[in-house]
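Colleague: Take a look at the letters that make up each chain.
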Amino acid sequence: MEVLQKARKESKKIVLALAGNPNSGKTTVFNALTGARQHVGNWPGVTVEKKEGQFQSGEYTVQVVDLPGTYSLSAYAEDEAVARNYLLFQKPDVVVNIVDATNLERNLYLTVQLLELGANVVVALNMSDELGARQMEINVGELSRLLAVPVVPTVATRNQGMKELVAMALKAAGEKEILPLRLNYGEEMEKELAVLEKEILASPDLAEKYAPRWLAVKVLEGDEFILKELQRHQRLAPLLNRRHEAVKKLEAVWGEDMESLLADRRYGFIGGLAREVVIRRRSAEERLSISDKIDRVVTNRYLGIPIFLLAMWAMFQFTFKLGDPLIGWTEELFEWLGEVLGSLLAALGAGELISSLVGDGIIAGVGAVLVFIPPIFLLFFAISLLEDSGYMARAAYIVDRFMHALGLHGKSFIPLLIGFGCNTPAIMATRTLENKNDRIITILINPLMSCAARLPVYVLFAGAFFGARQGMVIFSLYLLGIVLAILMGVLFKRFLFKGESSHFVLELPPYRMPTLKSTLLHMWERGSAFVRKAGTIIVAVVILVWVLSSLPAGVEYASQESILGRIGSFVAPVFKPAGFGTWEAAAALIFGILAKEVVVGTLGVVYGMGEAGLSSAIAQHWTPLSAYAFMVMTLIYIPCIASIAAIKRETNSWGWMSFAVGYSLVLGWLMAVLVYQVGTLLGLG
Amino acid sequence: MRGHILPLGFLRAGCSAVVRDLHGTKDLRQRLNNLGLLHGTKIDVVKNDAGSPLIISIGEGRLAIARAMALKIMVEEGS
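Each protein sequence line maps, in turn, to chains A and B.
To convert a position in the first sequence, counted from 1, into the working numbering, add 2.
To convert a position in the second sequence, counted from 1, into the working numbering, add 501.
These are calculated hints, taken from the structure and not from any lab test.
Given the structure is predicted, the values throughout are model-derived calculations rather than measurements.
Note that CB positions come from ideal geometry on N, CA and C, so glycine has one too.
Careful, some of the hints might be misleading.
[Said to hold, decoys possible] Partner residues are not named here, just some residues of chain A that face chain B (Cβ under 10 Å, in silico):
#, residue
1, 76
2, 80
3, 337
4, 338
5, 341
6, 395
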């Protein structure tokens with residue numbers, strides 16, 4: 003370890019970890035420090051997001067690691083375990099702990115645990131500008147003295163105090179000896195802790211790996227991760243036996259379980275500290291903040307739902323009204339790109355095959371997907387705005403009672419909402435759900451939220467057959483998706499995840515005026531995930547589909563004789579009961595797995611029509627009923643390839659991925675057949 | 502004067518209370534502890550409408566809490 007640290011110093015590289023509660027402004031600090039130089043990935047082995055960035059300060063290259071936002075380091079939840087293991091085993095040079103100044107007591111709970119762990123902490127007292135409005139003041143010098151670490155007041159949203167924070171962190175990173183905080187847990191407990199600590203010091207390998215005092219506290223606390231580790235060593239059996247007796251004795255004396263006892267002591271320390279450093283000039287009654295006044299209206303029993311619906315309506319209006327012209331421009335851009343590349347390739351003397359691969363395959367295929375970038379980014383902009391302002395937490399509160407119908411709770415609402423834009427980032431957004439069962443259910447039903455990519459399919463078919471009523475027809479498909487999501491949610495809950503779901507607990511952050519910079523950055527984080535997918539998996543699949551349409555050699559592109567056409571012909575009979583048992587429809591659905599809107603483009607190719615003549619071609623080959631059945635199929639069957647990849651990544655399981663593909667295919671077919679057969683019986687065919 | 506001990510879910514908006522006991526699983530208690538709810542914590546009920554989660558205030562923070570959870574938090578009414 004010594005050697006490693008020395009090596010780091012010589013190359014002037016410093017690892018800085020950011021720790022803090024959710025809503026403490028940690029992400030804003032991260033963005034302010036690293037700007038756009040970020041890398042988003044996953045922590046190894048788990049599905050918790052890992053963000054890293056870099057910045058240069060004088061001669062130092064500082065690598066910033068954003069730890070998951072947590073309230074504690076108890077290692078119960080996956081994200082807490084990730085943060086703790088990183089601090090324990092990777093030992094960053096310095097840990098910047100972002101503390102929400104307006105909510106000091108709760109935020110210091112994490113700080114105390116960081117200090118007990120022996121981390122090299124610098125506290126950023128963030129949002130210190132909001133203290134004035136609350137008639138509060140914090141004695142920064144005293145806080146720093148009592149915690150024995152540097153404290154820097156910051157306002158990350160306005161870039162205030164960031165220079166001082168960096169300077170302080172770099173200075174702290176040079177410190178050699180860090181003494182872990184020794185919190186006084188009271189006489190009885192200290193006696194037991196002293197004995198445990200002595201035992202630990204007698205095992206040099208343990209004493210080296212963990213701070214002995216911290217380990218003693220964790221052993222007494224009954225930390226499952228630590229106990230499991232210790233159980234592996236036979237010779238530590240006496241230590242664990244001693245713990246067992248000590249816990250029994252202490253719990254009997256205090257009438258509380260060990261964890262609560264220790265948490266009580268920590269909060270006791272924090273409470274005392276807060277009394278020393280926080281000066282309040284208002285009584286509790288006067289402290290009804292502006293946030294509370296807004297909440298009286300926004301979460302009002304009668305006004306809450308209309309306001310919520312209005313916010314959702316405004317969000318979709320914003321997305322589609324602004325997005326429609328942008329879609330047109332993107333389409334033109336790709337058409338132009340295809341032509342330019344085509345003529346360029348021709349000029350270079352490339353064969354017809356290569357030109358077709360680039361033009362028909364890559365440009366057309368990737369273009370079809372990327373066309374949806376404008377509305378997706380606009381939707382994410384609106385969602386980020388709602389999140390940053392603090393409204394999203396209230397929306398989750400308001401819909402909580404409706405979400406219970408699905409056996410889920412309010413927090414699942416946000417991923418489902420994002421699904422109307424694009425299911426891929428929506429599936430990633432389920433990371434905020436603590437309970438694994440809730441998370442998998444939310445992931446599985448997410449593709450039923452009709453995303454922006456399915457709209458062009460509806461527009462084509464509804465436009466061709468339903469004339470003035472097409473708006474209603476399209477709306478009915480959105481509604482069908484929601485109803486099926488509810489039914490599936492209830493079924494999965496009942497048969498696949500019998501256990502109790504986690505209860506809804508959600509922090510309601512104070513309302514804040516969002517800044518353009520942070521809203522744009524949040525939008526980019528979600529949207530770029532979609533773009534990255536388009537850049538990798540989709541290109542590969544596009545090429546595969548192009549190959550299937552071009553082989554065997556000499557066949558007309560995407561004709562019935564191509565492999566694609568043959569597969570289409572082979573699969574077509576399956577869809578006969580649904581009213582669209584043609585090879586064209588089957589081929590379109592196969593292409594549609596790539597991205598749902600590709601269904602339209604494929605039909606254009608197989609009917610040999612541009613998108614303009616397609617409407618009349620469809621009117622000839624389909625009936626209103628089979629068209630509706632086909633739209634139902636498009637809505638439900640197999641999520642697109644980007645979503646499938648996201649499901650695999652987020653559930654970390656091939657099994658759930660296959661299940662998502664399988665159930666949606668079966669459900670889609672059943673619903674399409676049901677629509678067609680019942681419709682025929684009613685004489686609508 | 503000592504008030505009655507009753508589940509948090511029974512308190513109306515505007516009431517103040519002190520947490521006296523936490524029921525439920527270890528996991529649940531842990532989560533409540535992490536959010537600052539433990540023995541002796543002073544809380545105010547900001548909102549308690551039938552059918553919705555409760556909103557409570559702890560110091561400067563506001564928490565929305567499921568009703569089922571609020572029924573497992575035993576509190577003593579009064580400030």
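Colleague: Are the hints correct? Go through all of them and say.
Modeller: To see whether the hints hold, each was checked on the structure:
no.: 1; hint: 76; result: holds (6 Å)
no.: 2; hint: 80; result: violated (13 Å)
no.: 3; hint: 337; result: violated (49 Å)
no.: 4; hint: 338; result: violated (50 Å)
no.: 5; hint: 341; result: violated (55 Å)
no.: 6; hint: 395; result: holds (7 Å)
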